Every structure is written in structure tokens, then in C-alpha cells.
Amino acid sequence: MDIPYTVELRRDTGLNNGKIGIWLFLASEVMLFGALFASYILIRVGAPTWPRGDTFLDVPLATLNTIVLIASSVTMVMAWASLMRRRFGTFRIYMGGTILLGLVFLVVKYFEYSHHIHLGELPSTNNFLAIYFTLTGLHGLHVVGGMAVNAYFWGPGSKLWKTNPVWFTNRVEHSGLFWHFVDLVWIFLFPTLYLL
Amino acid sequence: MSDHSVDSMTGDHAVDIDKHVRVYITVFVALMALTIITVAISRVHLAVPLAVTVALLVAIIKGSLVACYFMHLISEKKLIYAVLALTVSFFVALMALPVVTFFDGYWIHQ
Chain A
-11 MDIPYTVELR RDTGLNNGKI GIWLFLASEV MLFGALFASY ILIRVGAPTW PRGDTFLDVP
49 LATLNTIVLI ASSVTMVMAW ASLMRRRFGT FRIYMGGTIL LGLVFLVVKY FEYSHHIHLG
109 ELPSTNNFLA IYFTLTGLHG LHVVGGMAVN AYFWGPGSKL WKTNPVWFTN RVEHSGLFWH
169 FVDLVWIFLF PTLYLL
Chain B
2 MSDHSVDSMT GDHAVDIDKH VRVYITVFVA LMALTIITVA ISRVHLAVPL AVTVALLVAI
62 IKGSLVACYF MHLISEKKLI YAVLALTVSF FVALMALPVV TFFDGYWIHQ
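Here the protein sequences line up with chains A and B, keeping their order.
For the first sequence, the numbering used here gives the first residue as -11, with consecutive numbering after it.
For the second sequence, the numbering used here gives the first residue as 2, with consecutive numbering after it.
So that you can see chain A by itself, here it is in the shape it has in the complex (with noise of 0.2 angstroms):
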């Protein structure tokens, strides 16, 4: 049996279903990552002192790391647009350059991570340090999950296309409004974290 609505519009919601979906998936992510961000505050507000950022972390690798995120979303959305316009070689270049990105801010990651371990500033250390760990962990692990999903789109997933091309299409902008999402998030972690 087909999945209905994967490429049709409802009469009721002008929307194909998955589309319905992605969006419901993400409104609970603002939930799951509003809730560490309450946490934050008020671990923040409750501490007698709370050092900056920038005297634990590493603002230039952060900052690096921000742009790579965001040319990522710029690739991300290149590829939807690609297949609208029927360029499926266009749509893997792009698609390519965005799981290459999320690698990058992965890597980038790896050498923070690998910096603290070595000088023992561990999630145990401190409550900064112990949220610092929580809400980035949580980030790279959408990061790594947003990647496998590109990562199939680019691939093996992409036979849809010779099939299918707009639920193809529909599939890669829904991956697409997730990987903005986890964009999104960096957006607030940064400055949040490194830069107050």
C-alpha cells in the first residue's frame, strides 16, 4: 500500500503529510532544547559567579565553526532548489558540499572536545562546563543524525529521483527544514555559550 499524500496536497491542509510531520517533529525539538536552555538559565541566575565564555572556550574555533554551519544551510537549500529546477548533477554537488560541511563542524568539534578532555576540564568540573558538554553533545549528535539522513539522500535514496522526482524533491526539502533547524540552534548556542 502507498503512503498517501507524499506528493499530492489535502484538501484540509494544503500541505503533503510529510511536510505536516517534519514540522511536528521539529516543534518538539524546540521543546527538547528549549527545556536545556531554561536549565541553563537557571543554573546561571542561581550561581553566585559564572565565568565567561571565552575564558574555557575557544571563540575563534566557535566562530569558524558558525560559518562553516551556515554555508551549510546555504547548500542545503542550493540542492532543494536544484531539483526544482530539474538538475539532479547540480542537487549531489550541493548535497555533497553540505554533508562535507557537517564533517568539517564535526572535525572542528572533535579538536575542541579533544582540548578540554586533555587539560581535565571534564562535564564534572563545573556546572558551565557540565551544560557546555550537555547542549553541545545534544547539537553534534543532530548534526551526525542530519548527515546519515543527506548522506542517504545522496546515495542510495536518490534512485527516487529516476521514479518519483517530486516526492524526491518534497523528501530533500524536509531533510533540508531539519538541517536549518539544527542551524537554527547553533545560531543561539553560540553566543549563549562563548560569548556572554
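Bear in mind the hints are in silico, worked out from the structure with no lab data behind them.
Take the hints with a grain of salt, since some may be wrong.
[Stated by the list, open to error] Below, simulated SDA-like cross-link-like pairs (lysine to any residue); rule was C-alpha separation at most 20 angstroms, straight line: (1) B:Lys79 / A:Gly2; (2) B:Lys79 / A:Glu(-4); (3) B:Lys79 / A:Ala15; (4) B:Lys79 / A:Leu(-3); (5) B:Lys78 / A:Asp0; (6) A:Lys147 / A:Ala136; (7) B:Lys20 / A:Ala59; (8) B:Lys79 / A:Thr1.
Since we're looking at a predicted model, the values are computed, not measured.
With chain A's structure known, arrange chain B on it following the hints.
The following block gives chain B in isolation, referenced to the frame of chain A:
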């Protein structure tokens, strides 16, 4: 942009997509500029309340650009807006909880 998700591949919306691509590039440049501004402001070492306000303001502008243009929220269907309105109301309540907790003691001791 959700309006384009099904029938745009026929070519009628090719010009539209070209316009969108130009917008994406403009938004990218704006995001880069705002990132540099965020880092530059942090080097001024403002008082914490002002630094938090400015940093969050710039982050909100950047986030809005991503949501409106990359996530196509500037031209979405009503149902998506309804889902987001509900999400935002719960999110605001969630953010208010630690603030209320902080001021709880303040009002008692007044």
C-alpha cells in the same frame, strides 16, 4: 515556497526559483555579517545585562532570517503557522519558568 513543492518542476516557476536563489545568497551574506558583528560586540566587554540583550537580539535576527528564507516560513500554509504559534507559546512558558523562579524570592523579601 510550499506553493511550489509539487508543480514547480514543470518550468513555470523556474524564474521564481532563480529569484529565490538570489535571496539565499543575500541572506547568506547578511548572516556572515551578523556573525562578525556578534563576535565584535562580545570583544567590547559590555555589562552582562546589555551584552545578553544585544547578543540575543542579533541571534534572533539571524534565526529569523534562517527560518523565514531557508525554511520558507515567509510563505507557508496556515496549519504550519498554527503549529508554530502553539510551539512558541509553550516555549515562552518554558523560558519564563526560571525567570519566575528567580524573582520568586525577590518579591517575598520586598
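**Prompt:** Tell me, which hint numbers fail for this structure?
**Reply:** Hints that this structure does not satisfy do not exist here, as all of them hold.
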